[in-house]
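Residue numbers (the UniProt record's numbering), protein chains in the order written: chain A, 1 to 462; chain B, 1 to 462.
Be a bit skeptical, because a hint or two may be false.
Just so you know, same-sequence chains aren't split out, so a pair can sit in one copy or run between any two.
Computed list of lysine to any residue pairs in SDA-like fashion (alpha-carbon distance at most 20 Å, straight line) [as the list claims (entries may be wrong)]: (1) Lys156 <-> Asp103; (2) Lys324 <-> Gly441; (3) Lys443 <-> Gln308; (4) Lys337 <-> His363; (5) Lys336 <-> Glu391; (6) Lys156 <-> Thr214; (7) Lys156 <-> Gly126; (8) Lys443 <-> Pro433; (9) Lys443 <-> Tyr426; (10) Lys156 <-> Phe128; (11) Lys443 <-> Gly64; (12) Lys337 <-> Ser327; (13) Lys156 <-> Ala101; (14) Lys336 <-> Gly360; (15) Lys156 <-> Pro244.
Think of the hints as simulated: they come from the structure by calculation, not from any bench.
For reference, the chains in residue letters:
There are 2 protein chains.
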Amino acid sequence: MTDTDALFRRLEGELPAGALLTDPDECWVYGYDNSRRQGRPVAVAQPEDRDQVAAILRHCHAAGVTVTPRGRGTGTTGATVPDHGGVILSTERLRRLEPVAADDRYVVAEPGVTNGAVQAAAGEHGFFWPPDPTSAAYCSIGGNLAYNSAGPRAVKYGTPRENTLGLEAVTMDGRVLRSGVRTTKGVVGYDLTRLLIGSEGTLAVITEATLKLTPLPEARATLKAVYADMAAAARAVSRIMAQPVVPCALEFIDGAAIEMVHSHSEADLPEGAGALLMIEVDGPAACLEASATAVANAAHGEGLLDLQRATEAADVAALWATRKALSPALRQVAPKKINEDVVVPVSRIPELIEGLQGLGRRHGITIVNFGHAGNGNIHVNLLVNPDDAEELDRAWRCLDEVFALVLGLDGTLSGEHGVGLEKRDYVDREITPATLDLMRGIKEAFDPRGLLNPGKGLPNAS
Amino acid sequence: MTDTDALFRRLEGELPAGALLTDPDECWVYGYDNSRRQGRPVAVAQPEDRDQVAAILRHCHAAGVTVTPRGRGTGTTGATVPDHGGVILSTERLRRLEPVAADDRYVVAEPGVTNGAVQAAAGEHGFFWPPDPTSAAYCSIGGNLAYNSAGPRAVKYGTPRENTLGLEAVTMDGRVLRSGVRTTKGVVGYDLTRLLIGSEGTLAVITEATLKLTPLPEARATLKAVYADMAAAARAVSRIMAQPVVPCALEFIDGAAIEMVHSHSEADLPEGAGALLMIEVDGPAACLEASATAVANAAHGEGLLDLQRATEAADVAALWATRKALSPALRQVAPKKINEDVVVPVSRIPELIEGLQGLGRRHGITIVNFGHAGNGNIHVNLLVNPDDAEELDRAWRCLDEVFALVLGLDGTLSGEHGVGLEKRDYVDREITPATLDLMRGIKEAFDPRGLLNPGKGLPNAS
Numbered sequence: 001m002t003d004t005d006a007l008f009r010r011l012e013g014e015l016p017a018g019a020l021l022t023d024p025d026e027c028w029v030y031g032y033d034n035s036r037r038q039g040r041p042v043a044v045a046q047p048e049d050r051d052q053v054a055a056i057l058r059h060c061h062a063a064g065v066t067v068t069p070r071g072r073g074t075g076t077t078g079a080t081v082p083d084h085g086g087v088i089l090s091t092e093r094l095r096r097l098e099p100v101a102a103d104d105r106y107v108v109a110e111p112g113v114t115n116g117a118v119q120a121a122a123g124e125h126g127f128f129w130p131p132d133p134t135s136a137a138y139c140s141i142g143g144n145l146a147y148n149s150a151g152p153r154a155v156k157y158g159t160p161r162e163n164t165l166g167l168e169a170v171t172m173d174g175r176v177l178r179s180g181v182r183t184t185k186g187v188v189g190y191d192l193t194r195l196l197i198g199s200e201g202t203l204a205v206i207t208e209a210t211l212k213l214t215p216l217p218e219a220r221a222t223l224k225a226v227y228a229d230m231a232a233a234a235r236a237v238s239r240i241m242a243q244p245v246v247p248c249a250l251e252f253i254d255g256a257a258i259e260m261v262h263s264h265s266e267a268d269l270p271e272g273a274g275a276l277l278m279i280e281v282d283g284p285a286a287c288l289e290a291s292a293t294a295v296a297n298a299a300h301g302e303g304l305l306d307l308q309r310a311t312e313a314a315d316v317a318a319l320w321a322t323r324k325a326l327s328p329a330l331r332q333v334a335p336k337k338i339n340e341d342v343v344v345p346v347s348r349i350p351e352l353i354e355g356l357q358g359l360g361r362r363h364g365i366t367i368v369n370f371g372h373a374g375n376g377n378i379h380v381n382l383l384v385n386p387d388d389a390e391e392l393d394r395a396w397r398c399l400d401e402v403f404a405l406v407l408g409l410d411g412t413l414s415g416e417h418g419v420g421l422e423k424r425d426y427v428d429r430e431i432t433p434a435t436l437d438l439m440r441g442i443k444e445a446f447d448p449r450g451l452l453n454p455g456k457g458l459p460n461a462s
Numbered sequence: 001m002t003d004t005d006a007l008f009r010r011l012e013g014e015l016p017a018g019a020l021l022t023d024p025d026e027c028w029v030y031g032y033d034n035s036r037r038q039g040r041p042v043a044v045a046q047p048e049d050r051d052q053v054a055a056i057l058r059h060c061h062a063a064g065v066t067v068t069p070r071g072r073g074t075g076t077t078g079a080t081v082p083d084h085g086g087v088i089l090s091t092e093r094l095r096r097l098e099p100v101a102a103d104d105r106y107v108v109a110e111p112g113v114t115n116g117a118v119q120a121a122a123g124e125h126g127f128f129w130p131p132d133p134t135s136a137a138y139c140s141i142g143g144n145l146a147y148n149s150a151g152p153r154a155v156k157y158g159t160p161r162e163n164t165l166g167l168e169a170v171t172m173d174g175r176v177l178r179s180g181v182r183t184t185k186g187v188v189g190y191d192l193t194r195l196l197i198g199s200e201g202t203l204a205v206i207t208e209a210t211l212k213l214t215p216l217p218e219a220r221a222t223l224k225a226v227y228a229d230m231a232a233a234a235r236a237v238s239r240i241m242a243q244p245v246v247p248c249a250l251e252f253i254d255g256a257a258i259e260m261v262h263s264h265s266e267a268d269l270p271e272g273a274g275a276l277l278m279i280e281v282d283g284p285a286a287c288l289e290a291s292a293t294a295v296a297n298a299a300h301g302e303g304l305l306d307l308q309r310a311t312e313a314a315d316v317a318a319l320w321a322t323r324k325a326l327s328p329a330l331r332q333v334a335p336k337k338i339n340e341d342v343v344v345p346v347s348r349i350p351e352l353i354e355g356l357q358g359l360g361r362r363h364g365i366t367i368v369n370f371g372h373a374g375n376g377n378i379h380v381n382l383l384v385n386p387d388d389a390e391e392l393d394r395a396w397r398c399l400d401e402v403f404a405l406v407l408g409l410d411g412t413l414s415g416e417h418g419v420g421l422e423k424r425d426y427v428d429r430e431i432t433p434a435t436l437d438l439m440r441g442i443k444e445a446f447d448p449r450g451l452l453n454p455g456k457g458l459p460n461a462s
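So that you can see chain A by itself, here it is in the shape it has in the complex:
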C-alpha cells in the first residue's frame, strides 16, 4: 500500500461513507475557482463536523500532505486552487445553522452555510448580515470570512471584520481554537477573529462563526444619476461621501460598461452616457425623504445629465440586475478579462479614473470600470483577446502601471477579492518587508510545517 493509499484509508475512517472523493474525475471540479486556474487535488474530503475537520487536518499534517480549504469556489484569485495538489477540505457538508439569537442579534453558522441561507434565516427575525457579494445566493459564509468579502452594502454597514463576533477554527495540526465573544464588546486576549478573517484559509480552517446581525432598515430609496463623463461622476461620489448621510450603496458604472450591458439590461440606460451612479439610502421611514434629498443634492453638480428616483420596485430591481449582470456580461465579452478590485481614498477617485483612461490609451487596452464607489473600491477590468499573445502581454504591462497608480494614490491592491495566487507577486509593493516578515511569523505560529493552503496570500520569501 502506498503512503497515499494509507492516508486515504485513514481519512475514510474518519468520514461518513462517500465523503472522501479520490476519483480524479470527481476531484476535477474541486480544482478550480472563478480565477479559471486549475489544480489537481489527490482527494476531496467532505467532513460533517468540527471533529472530522480536526481529524482530517491531523492525518494530513502527520503525512506531510498539503490541505486547501474550499467553500463554493466563487473566489476570483485562486486562493482555493490546489496548485500543490494535496487534499481539498470542502466545507459543503458543514451546514449547521443555529436558531437566530434575535434578542442578542447574532446567529451561529458553520462555514458551509450559504450567505443566502443566513440572510433568509435572519430576515425572518427582521435582521440581515451585511456582507453581500454578488454571489451571495450561492457562496458560503466560510468563504466570505476567508476573503473578508463585502459588496455594495459595505459602504454603510462594513465588511465581515465589522460583522463577526467570534470564530471556532482548527489549525493544520488539529488544534481547535475559539476566538471572540457572543457579545458586541470583548478585549480578552489577542484579536484572532479579525486575524483569521481575510487570511484566505492559510492560518486555520473556520468551523463555526458567530455572525453579528443588523436590523433590516424600514425603508429604502434608490436614485439613478447619469453623468456626462467619469470625472463628473467621480466628483459627485466625493461630494456624496463628504456629507453626513451615508448611503447604503453607492455603485458606479462607467460608459464602456454601460454600453457593454446595454443589450442585457431592462433598466432604462441612456445611450452615450459617460457614467452612471446608483445611490441607495435606507433607514427609518420617517427620515427617508430627508436622506434621499441630502444625497440627491450632493449628486447635483457639473456634468449631471439626469437624476431620477426609481419609485417602482421593478425599476429598482432592473437597476440592480444591471449592476449585478456586469461581471458575468464582461466575462462573456472578454473571457480573459483581467479583473482587479483596487481601492483608493474617495477623494482620489477622479485621479484614478483619469489615470486609468490614460493607461488604457497608452497601452491600447480597453478598460472597463465599475464597482463600489462609496468605498473607493473600483473593479477595473482590462479586456483582452485570449488568442492575442501580444495584447495579453500589453495588458500585463498596463496592469503593472495600474497598481503603481493605485499605490501612488494611497490606495490598496484589493478591497474584497483578496490576493490568492493572482496578486501574490504584487503584495510586496504594498506591504513593507518588515511587515511581511511579521505576517510570515504569524503563519509559522499557526502552521509551522507550511501545509495549510501554502503559497496563498503572501509572496514567497525572497
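Given chain A, put chain B in place with the hints provided.
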C-alpha cells in the same frame, strides 16, 4: 560604567535633551496607573518621533532590558505598570496630529495625541471619532488603541477596532511595520491592525494611527427612565436592543449607585429608585422624533416608574455628569473597590443582575453596578474596606464566582478595560489552552525575547 549607565548613555544619544528621566523621584509617577499598582522603572524615555522610538527599542532589546509603553496611565488593569522594572517608553511627546482628511473621513495621529484633541480637530469638520472613554479629555489615542477602549457610544458606533483604518508600529527589535490602509476597505495581507489594537502594548509600540471618522449627528435626544428594580430595567434594555433603532448610548445605573452619587449630582434622581436608564438616540433631525418614540415605547413595561425626556441642555449635561461621576465617586466611598467590566449578551443581563445580587448577599459584599447596558457591558464594583482583611478575602472569593457567573452566561471577563496584570490569572477560564498557545506564538513572532511589556494580557505559560 555599569551596563545600565551604558544603556542610559545610548538612549540619551538618541533623544532630545531632557527626554530621558533616570532620577527615581521623577520616574515614580510613571510607575503606576489607575489600578493603583506601582512599579519602579529604571528610566523613562520620551521619544519625539518614530525613529527615536525604534532606536530606544533596539537599544533596550540589545541590552535585554524590558520596555513598558505608556500613554497617560489612565488604564485600570496595570498594563502600563513596569512590574519588571525596565524602561518606560512614554508616548507623551509623540503628538503630531495631521490635518483632518475631511473628504476621505480620516485623520492621522501619533499615539500621544489625546482623544480630546482628536475630537476637537474632527469636530471642526463635522466629524467625531467614536471611542469615548470617561477619561477622553485626558487619555491618549495610543492608550485607546492598546486597550481597544470604548465608552457609551460603542453601542451604536463601535470600538477602536471598528474605527481604525491602519497603523504604524515598531517591534521590540526595532522593525517598523505598517498595517492597514487609508481606505474603508482593504484585504491585502493579514489584519495586523486589529491584532495590535487591544494587545496592550505587548506586540509592538504604535507610532501612528489612521483613525476613521464618522459624521457628527445632526440632532440628539436624551431620555431618563426610572425603574422599580434592576430586573425591570434589565428587561427594558433587552426590549430596546431588540427593536431596529439603535441608541447611541444606553447607560444603566443601579439603585445602590444612584444612592451613592445622590449628593454629588445635580440631576433629578428619584429617591429609592431601583435602577435608572439613560437612553440617547441621534441622527438626522428629520427622524429624531420617530427614533425617540421608538426607544421610549420599548422602555415602557412592567416596573417603569418614570420616563422623561431631558429637553434642556442643562438637564442632559447634569445626567451625563452624574453618569461620569460614578467611577470617581465610588473610588471616594471605597478606595479599594474591585472594579470589573464584564460583558454578557444583552438578553442575559437580567440573569446576571439577579446572580450578582445573590452573590453579594451570600458573601456579605456590597456590589454596585452601572455601565454600558446596550452592549451588556456592566461595570461591577465590589466595595471593600481596605483595612478589613477578612472582608477583602470574601470579596476575592465573591469575584471568583462573579466571573464564573459571567462565563456561564456566554459572557466575557472584560469589555473595554482589558486584562493587564489585574485579570491575567483569570484569562485561562475564558480562553482555551490551544488558543492561548496560538496567542503566545504570535507574541513570540513579534517579540522573541519577551522584552516588550512582558507578563501583561496573557497568563504565564504553565
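Now for the hints, and whether the structure bears them out:
1. Lys156 <-> Asp103: The answer is between: 16 Å across copies meets 20 Å, while 23 Å in one copy does not.
2. Lys324 <-> Gly441: For Lys324 and Gly441, the Cα distance exceeds 20 Å both inside one copy (39 Å) and across copies (43 Å).
3. Lys443 <-> Gln308: neither (50 Å within a copy, 55 Å between copies)
4. Lys337 <-> His363: within (15 Å within a copy, 70 Å between copies)
5. Lys336 <-> Glu391: within (11 Å within a copy, 75 Å between copies)
6. Lys156 <-> Thr214: both (12 Å within a copy, 11 Å between copies)
7. Lys156 <-> Gly126: The answer is both: 18 Å in one copy and 18 Å across copies each meet 20 Å.
8. Lys443 <-> Pro433: Answer is both; intra-copy 15 Å and inter-copy 19 Å each pass.
9. Lys443 <-> Tyr426: Only inside one copy: Lys443 and Tyr426 sit 19 Å apart there, 28 Å across copies, limit 20 Å.
10. Lys156 <-> Phe128: both (13 Å within a copy, 16 Å between copies)
11. Lys443 <-> Gly64: within (17 Å within a copy, 26 Å between copies)
12. Lys337 <-> Ser327: within (10 Å within a copy, 60 Å between copies)
13. Lys156 <-> Ala101: The answer is between: 19 Å across copies meets 20 Å, while 23 Å in one copy does not.
14. Lys336 <-> Gly360: Intra 16 Å, inter 69 Å, cutoff 20 Å: intra-copy only.
15. Lys156 <-> Pro244: Both, since 11 Å and 16 Å are each at most 20 Å.
The structure does not agree with the numbered hints 2 and 3 stated previously, though it agrees with the rest.
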